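Spelled out from the first residue to the last, the chains are:
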Amino acid sequence: MRDVISILDFSKSEVLELFELTDEVLSGKFKPRLEGKIVATAFFEPSTRTALSFTSAALSAGAKVLGFSSDEATSVSKGENLADTIRMLENYADCIVMRHKLDGSAKFAAEIAKKPVINAGDGKREHPTQALIDMYTVRKLFGTMEGLTFGFLGDLRYARTVNSMLRILTMFRPRMVYLISPPQLRARAEILEELNYPVKELTDVRDIIGELDVLYVTRIQRERFLDEDEYEKVKESYRLEYRTVEKMKRDSAILHPLPRVSEIDRRIDSMPQAKYFLEASYAVPLRSALLHEVMAGD
Amino acid sequence: MRDVISILDFSKSEVLELFELTDEVLSGKFKPRLEGKIVATAFFEPSTRTALSFTSAALSAGAKVLGFSSDEATSVSKGENLADTIRMLENYADCIVMRHKLDGSAKFAAEIAKKPVINAGDGKREHPTQALIDMYTVRKLFGTMEGLTFGFLGDLRYARTVNSMLRILTMFRPRMVYLISPPQLRARAEILEELNYPVKELTDVRDIIGELDVLYVTRIQRERFLDEDEYEKVKESYRLEYRTVEKMKRDSAILHPLPRVSEIDRRIDSMPQAKYFLEASYAVPLRSALLHEVMAGD
Amino acid sequence: MRDVISILDFSKSEVLELFELTDEVLSGKFKPRLEGKIVATAFFEPSTRTALSFTSAALSAGAKVLGFSSDEATSVSKGENLADTIRMLENYADCIVMRHKLDGSAKFAAEIAKKPVINAGDGKREHPTQALIDMYTVRKLFGTMEGLTFGFLGDLRYARTVNSMLRILTMFRPRMVYLISPPQLRARAEILEELNYPVKELTDVRDIIGELDVLYVTRIQRERFLDEDEYEKVKESYRLEYRTVEKMKRDSAILHPLPRVSEIDRRIDSMPQAKYFLEASYAVPLRSALLHEVMAGD
Numbered sequence: 572m573r574d575v576i577s578i579l580d581f582s583k584s585e586v587l588e589l590f591e592l593t594d595e596v597l598s599g600k601f602k603p604r605l606e607g608k609i610v611a612t613a614f615f616e617p618s619t620r621t622a623l624s625f626t627s628a629a630l631s632a633g634a635k636v637l638g639f640s641s642d643e644a645t646s647v648s649k650g651e652n653l654a655d656t657i658r659m660l661e662n663y664a665d666c667i668v669m670r671h672k673l674d675g676s677a678k679f680a681a682e683i684a685k686k687p688v689i690n691a692g693d694g695k696r697e698h699p700t701q702a703l704i705d706m707y708t709v710r711k712l713f714g715t716m717e718g719l720t721f722g723f724l725g726d727l728r729y730a731r732t733v734n735s736m737l738r739i740l741t742m743f744r745p746r747m748v749y750l751i752s753p754p755q756l757r758a759r760a761e762i763l764e765e766l767n768y769p770v771k772e773l774t775d776v777r778d779i780i781g782e783l784d785v786l787y788v789t790r791i792q793r794e795r796f797l798d799e800d801e802y803e804k805v806k807e808s809y810r811l812e813y814r815t816v817e818k819m820k821r822d823s824a825i826l827h828p829l830p831r832v833s834e835i836d837r838r839i840d841s842m843p844q845a846k847y848f849l850e851a852s853y854a855v856p857l858r859s860a861l862l863h864e865v866m867a868g869d
Numbered sequence: 572m573r574d575v576i577s578i579l580d581f582s583k584s585e586v587l588e589l590f591e592l593t594d595e596v597l598s599g600k601f602k603p604r605l606e607g608k609i610v611a612t613a614f615f616e617p618s619t620r621t622a623l624s625f626t627s628a629a630l631s632a633g634a635k636v637l638g639f640s641s642d643e644a645t646s647v648s649k650g651e652n653l654a655d656t657i658r659m660l661e662n663y664a665d666c667i668v669m670r671h672k673l674d675g676s677a678k679f680a681a682e683i684a685k686k687p688v689i690n691a692g693d694g695k696r697e698h699p700t701q702a703l704i705d706m707y708t709v710r711k712l713f714g715t716m717e718g719l720t721f722g723f724l725g726d727l728r729y730a731r732t733v734n735s736m737l738r739i740l741t742m743f744r745p746r747m748v749y750l751i752s753p754p755q756l757r758a759r760a761e762i763l764e765e766l767n768y769p770v771k772e773l774t775d776v777r778d779i780i781g782e783l784d785v786l787y788v789t790r791i792q793r794e795r796f797l798d799e800d801e802y803e804k805v806k807e808s809y810r811l812e813y814r815t816v817e818k819m820k821r822d823s824a825i826l827h828p829l830p831r832v833s834e835i836d837r838r839i840d841s842m843p844q845a846k847y848f849l850e851a852s853y854a855v856p857l858r859s860a861l862l863h864e865v866m867a868g869d
Numbered sequence: 572m573r574d575v576i577s578i579l580d581f582s583k584s585e586v587l588e589l590f591e592l593t594d595e596v597l598s599g600k601f602k603p604r605l606e607g608k609i610v611a612t613a614f615f616e617p618s619t620r621t622a623l624s625f626t627s628a629a630l631s632a633g634a635k636v637l638g639f640s641s642d643e644a645t646s647v648s649k650g651e652n653l654a655d656t657i658r659m660l661e662n663y664a665d666c667i668v669m670r671h672k673l674d675g676s677a678k679f680a681a682e683i684a685k686k687p688v689i690n691a692g693d694g695k696r697e698h699p700t701q702a703l704i705d706m707y708t709v710r711k712l713f714g715t716m717e718g719l720t721f722g723f724l725g726d727l728r729y730a731r732t733v734n735s736m737l738r739i740l741t742m743f744r745p746r747m748v749y750l751i752s753p754p755q756l757r758a759r760a761e762i763l764e765e766l767n768y769p770v771k772e773l774t775d776v777r778d779i780i781g782e783l784d785v786l787y788v789t790r791i792q793r794e795r796f797l798d799e800d801e802y803e804k805v806k807e808s809y810r811l812e813y814r815t816v817e818k819m820k821r822d823s824a825i826l827h828p829l830p831r832v833s834e835i836d837r838r839i840d841s842m843p844q845a846k847y848f849l850e851a852s853y854a855v856p857l858r859s860a861l862l863h864e865v866m867a868g869d
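Residue numbers (my numbering), protein chains in the order written: chain A, 572 to 869; chain B, 572 to 869; chain C, 572 to 869.
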């Protein structure tokens, strides 16, 4: 029984153990048994992928699911504070999977709740289970997570999945990590300070495209820009083009936490480097394995 | 494992087989066993009846259900395209039941998805499972689906259930089909061209009311009219009155896919011809039988 | 198979029986078995606590749950009347748990439906299952429900939980019931006329705070006031203060149906009299026991 708030709540050996369990779920060797358990999906901010994949993971492990998909449908809209809402959910479920727009909200909830809380995205801070899916995909593709060259492209300032990825990489000694973003969306200093591996910041992915093993692309969100023209310009320069991918190593991989809008040219989908749909297919088995680790044997 | 996009995806013998299975579900002789299966209800357009009856059908067969009930709650609202949303859902479920406002969206989804897709209404095109429920009701009431006289009343231009009904009737040689609508809501030429039975179009149901075995009533929607006055006028003339039903044959039947607003006088509910609530009671057993045929034995 | 519309649908001995069953659910001695049953949660008005706690109660008893959480998502938004919506739900579920903004809507639904209807709040009229949870808490705390002194504080005019509480107290001979509210939110005459125990109305809780065994606090809602200033003033005077609670008997109890906004100073949460979170923890076992009584053995 434990909380999952930051990716750093896991030690390296716990990550490896979880990935081995995910292998067994995926191959059918192990079936999580969560009969009699109830999972609450508390999505104060809407999400489809994360909420439905946790739901699918829980249901396929035999657990039941209840919850909500926006704060309009909750007592929050009557003015209730988060602490009271969390105390309520604890009465109804054995585990709370939670997304909230405020940084640190998941940690706050975990302090209130006696039941385990899984952070499914808190503001611009972390989204640890997405990073687990991402790294699991890396491991499946490369057979190792060590010594690889990564590029992160797009919004590195507000993308919580990137924060979780940069942090999990501290366990796996990457050869080099390139951070490719427009100047206004550079990774935050407080994250960069934590990193124990070589990092270079740049603004044009084409400068290093041939070096990459993994290119991790994120969506650039309109609401991060004050100026519509500026947004359009940035969006265009950070759109991944077919011609760019042609220069990638044949066995390199493009990842994306999805949903994507226009940041990856759709013609790339059929190129061998496009691994984001494969990545998405690991969400359910990994989250099943995680729910098992968090809840089984209570 | 198959898709259900148009009613014409079924052969006549498949329809008859499905109806026999529905008989057995209804009588309790057969219980669909979908334990371990997950059904996604992907309602990009809101619906209550269709979504909840599929949910009830799936749950009572032992399957689990996940999904959404409007596209506001989905990544579509973040700009994701339908293909990516469908690819996502495939990872979470064994079958996708889908409603979408665009004509042809269900067919498109079925081309993307490896898992079976069931069309629960695509734009103004088709709603095949509703037509199956309608015809099943006809068979229960008349002992046959052949050689009957049908009238379709109301909006024949935008009502997808009417399209599916007109198409399924090509299997059952109706004696005559009357299409009764205001001029601006006449059935589409491309549907009429497909029909292999006698059809007459008219504007006043009272002209042929005594001839009908089945009167199928549909809702006339305000949004189909540019002019509010015109809508009010049409609505009034296509409202089914008590006096009109008194002229129907005693053993004839009024059907309606529901929900109704004001197009059937509520006093008609207690007349012997009113069969729309009976019709509604067949939705769950028929959809259970259908889910079984689509998913069992995968 | 029965409806639960008003708290007065229960006799005193039925209340006591239900509480004994709840004891057994809570201790794990009895596990409701509702396998194969489907509960519809028909929330025409949003709610989180009531809907999710009924859902948790049903799921943990082995039943399945379907439903909706606002009338926007239903055919009601297409203009369907309540009777037709209820007839629809009956086809999908074995029991309908319903919240609706109209007084008397639950009774109306129960007259339409052959399946049992449980009132989860109808307008400003009743919320019987909340009163059962409240009184169950009283019984757990005091060992008896007889001969106690109660105070009801806040909105006594529109709070349906207070109506249900005042009515259930007619079974338990309270020594005295104080009704403490602003003049514009006094309890309704038609309720007061029904009561068979001593009642005093007043406007300041401090006048009798030391006498109370149970203080039941309710939220004062902005929408009950035409004038914002008036609302702010009233809200302030009916906010329960730390200093006031210090004057309560040590073994007295503060209850609140939750959610609360600002009507209870948060520092009170850690005082011995604060029992509203304990009260909330009884919602699931009591509603499980109730669903069992309503549905088991059909």
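These aren't lab readings, by the way, just hints derived from the structure by calculation. One should not assume that every hint holds.
Identical copies go unnamed one by one, so any copy, or any two together, can satisfy a pair.
Stated by the list, open to error - Simulated crosslink set (EDC-like; lysine to aspartate or glutamate; CA at most 20 Å straight-line):
id	residue 1	residue 2
1	LYS820	GLU682
2	LYS846	GLU651
3	LYS806	GLU651
4	LYS685	ASP840
5	LYS672	GLU643
6	LYS649	GLU794
7	LYS649	GLU616
8	LYS678	GLU717
9	LYS685	ASP594
10	LYS672	GLU807
11	LYS771	GLU761
12	LYS711	GLU765
13	LYS771	ASP836
14	LYS820	GLU761
15	LYS771	ASP594
Bear in mind that the values here come from a model prediction, so they are computed numbers and not experimental data.
Inset, instruction - Compare the structure with the hints numbered earlier in the document and write down the numbers of the violated ones, lowest to highest. - result: Hints 1, 8, 9, 10, 12, 13, 14, 15 contradicted; others consistent.
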